[in-house]
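Here is how the chains run, residue by residue.
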Amino acid sequence: MELLSASTGSYPRIGDRPEQQQHRQAYAQHERGEISDEEFEGVQDEVTRGVIEEQVRAGLDVVTDGQVRWYDPISHFARKLEGCEINGLLRFFDTNFYFRQPVIRSKLVRRESILKREFTFARGISKSVKPVVTGPYTLARLSINRRGGGFQPLVDEFASVISQEVRELAEVGAELIQIDEPAILKNPADFQVFEKAVQKVVTEKGDTRVALYTYFGDATPLYQKLLKLPVDVIGLDFTYSPKLPDAIARFGCEKELGVGLIDGRNTRLEGENEIIDVLKLILPAVKSERVYLNPSCGLGDYLSREVAFKKLQNMVSIAEKARKLI
Amino acid sequence: MREKLERLSLKLPLLPTTTVGSFPKPPYLIDARRKFADKKLTAEELKKLEERVTREWIELQEKIGLDVLVDGEIYRGDMVTYFANNLDGFKISGLVRSYGNRYYRKPIITGEVKWQRPITVDWWRFAQAFTSKPVKGMVTGPYTMMDWSFNEYYPNRREACLTLAKALHEEVKALAKAGAKIIQIDEPAISARPEELSEFAIEAMQVVTKGVDAYFINHICYGAFEFIYPEMLKLPVDNFDLEMSNSEFDLVELFREHPFTKDLSFGVVDAHSHVVENTETVEQRIRRALEVLKPEQLWIDPDCGFKTRTKDETIGKLQVIVSATKKVRERLSPAELKEVK
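Residue numbers (the working numbering), protein chains in the order written: chain A, 1 to 326; chain B, 1 to 341.
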């Protein structure tokens with residue numbers, strides 16, 4: 001078995017140093033119409049490059065593009081769809097971050113590719129970039145349905161959109177695609193709807209491996225059900241779940257596991273032993289070839305840049321120590 | 001809770017009108033705060049301006065005819081950071097994203113949280129000196145302070161929250177000692193993790209309010225209180241101030257199912273919209289609330305603080321609150337009034 005250190009998603013796009021204000025300034029200039037779309041895109045490319053290089057510098061085996069171009073994980077997808085509008089701000093789960101809520105008016109149709117270009121760009125910088133896609137269940141759950149017709153058809157339509165995204169990402173060379181489904185943890189009664197959506201999303205993935213990540217809640221009650229999903233990797237947030245390590249030790253894990261033991265929403269740096277003690281408990285139960293040590297969630301909307309980098313460095317050094325356990 | 005108000009010698013009309021806390025800062029004050037941050041203005045110079053604006057808002061509230069006043073929180077940047085800066089045990093983080101292109105500095109608990117000296121008492125005294133109407137003491141609650149801060153020191157959220165509660169209890173005691181009879185605890189985050197309400201949030205509020213003889217108001221905004229209703233009625237406060245106009249939820253239906261057992265400050269105007277509501281709309285909202293609440297339970301206010309509105313919008317909305325409430329008061333039936341006695 002190998003233990004890899006991985007990013008979970010977003011990464012801070014600005015920092016506190018004067019030279020790290022580029023994205024924020026260009027964003028404001030673009031809003032005021034002082035720079036063109038192309039110029040702003042150029043800045044986003046450059047900031048994305050910096051964010052990828054910074055994760056590589058921290059020593060990560062698997063990185064992301066930091067989602068530098070995303071307004072938020074929901075509207076980034078919804079704004080490219082026909083049949084929906086983008087509404088006001090709403091708190092994103094129980095975090096300090098706000099997203100814009102989609103309002104569904106009619107049938108959802110994808111107008112254009114959403115992630116293809118940004119992933120192609122990022123992969124040109126590092127081969128270890130993993131694209132991250134918000135899952136259909138979470139997109140539907142966080143939308144306001146004003147067209148009627150029930151929740152299930154809405155999830156189905158989002159699932160079609162996301163399966164097209166997955167197909168395109170696979171076509172342009174993604175080897176591992178991460179699907180984020182935080183919303184299922186607080187809505188376990190919807191598991192059947194959710195499961196159907198996951199099945200649809202993976203239909204056209206080809207040989208590409210898919211990771212399903214959940215966070216912002218306790219995954220313990222759903223753990224065994226998550227293991228049965230048609231995905232290759234299950235990613236779990238351990239910060240809400242005191243009983244999760246025991247559940248893994250008890251029920252085992254046939255899939256690859258993303259271990260979100262690094263708190264992506266707190267500035268405190270984890271102690272080596274507190275992480276290694278949990279790994280000692282769960283690693284013997286994992287029967288697959290790979291385990292990823294990663295933050296509990298993306299860092300970009302919850303931590304400052306300086307702390308995010310320290311968190312990743314600390315995680316990499318813990319992962320190195322932990323490899324000796326295997 | 002009219003008995004408690006009377007015992008505290010608070011003579012308030014039926015359907016008392018009030019506001020949630022913050023008022024807009026004039027441009028010259030925003031400019032002065034920036035200069036102060038750049039060290040181009042002294043703390044004394046800034047304070048002079050803050051006092052001037054605070055006094056203006058007290059006079060405006062009197063003139064408009066509100067019954068329970070606030071100091072306007074002109075001296076605060078952010079409701080959590082303000083208290084974090086004035087308690088021991090906090091540092092402030094680097095820039096963290098809030099939404100879009102907005103970033104803020106989030107407090108970090110790095111050591112034992114302790115209350116050293118009164119934080120808001122001087123401002124309360126300053127504001128109260130200009131009016132004979134009661135001015136509310138305003139304190140950010142322990143759960144929100146915990147939830148909106150990083151925690152590097154305490155082993156878990158419960159301990160951080162309960163320690164903050166002890167510190168804020170000292171502030172509440174100091175406000176009561178200075179003469180504040182109505183104290184508002186702001187807990188916009190309280191529904192963040194509904195399971196924590198019974199695990200420690202109610203206990204924390206008990207710690208904050210215990211043994212303090214005041215009428216306590218608990219302000220909860222950002223909707224979502226329906227997830228903690230009716231359990232939140234166990235919070236040891238006298239009055240809940242709930243954001244309503246931004247909620248998709250039908251409050252009246254909810255209260256039909258589970259009667260509301262405390263007093264309620266009912267947010268009848270939208271503090272996040274530029275449009276000033278008309279009197280009839282606000283009157284209707286108040287009447288709707290009276291379908292499920294007794295007049296003696298009901299207070300009338302906006303749904304949130306006004307710090308993002310202009311001065312004129314704020315005044316417009318306050319005038320509508322007062323005029324609509326007066327109309328409803330005049331038309332309360334003798335039976336409804338009798339019930340109050």
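In case anyone wonders, no lab produced these hints; they're calculated from the structure. Beta carbons are placed, not taken as given, at the ideal position from N, Cα and C, and that holds for glycine. Check the hints yourself; a few may be wrong.
Said to hold, decoys possible - Now the stretches of chain A that chain B is said to cover, found in silico as 3 or more residues with beta-carbon under 8 Å: (1) 27 to 35; (2) 297 to 307.
As the list claims (entries may be wrong) - Restricting the straight-line Cα-Cα distance to at most 20 Å, the calculated cross-link-like pairs of lysine to aspartate or glutamate (EDC-like) are: (3) B/Lys91 x A/Glu306; (4) A/Lys186 x B/Glu313; (5) A/Lys243 x B/Glu199; (6) B/Lys91 x A/Glu195.
Here's how the hints hold up against the structure:
For the region 27 to 35 of chain A, the proposed coverage by chain B is satisfied: 3 residues have a C-beta within less than 8 Å of a C-beta in that chain, meeting the threshold of three. Coverage of the region 297 to 307 of chain A by chain B holds [criterion: at least 3 residues with CB-CB distance below 8 Å; count 8]. Restraint check for lysine 91 of chain B and glutamate 306 of chain A: satisfied, since their Cα atoms lie roughly 15 Å apart, inside the 20 Å limit. Of the pairs offered as hints, the one joining lysine 186 of chain A and glutamate 313 of chain B is violated, with about 39 Å between alpha carbons and a cut-off of 20 Å exceeded.
In summary, the hint linking lysine 243 of chain A to glutamate 199 of chain B is supported, as the alpha carbons are separated by about 17 Å, within the 20 Å threshold. A threshold of 20 Å between alpha carbons decides the hint, and for lysine 91 of chain B with glutamate 195 of chain A the separation of about 44 Å lies outside it, so the pair is violated.
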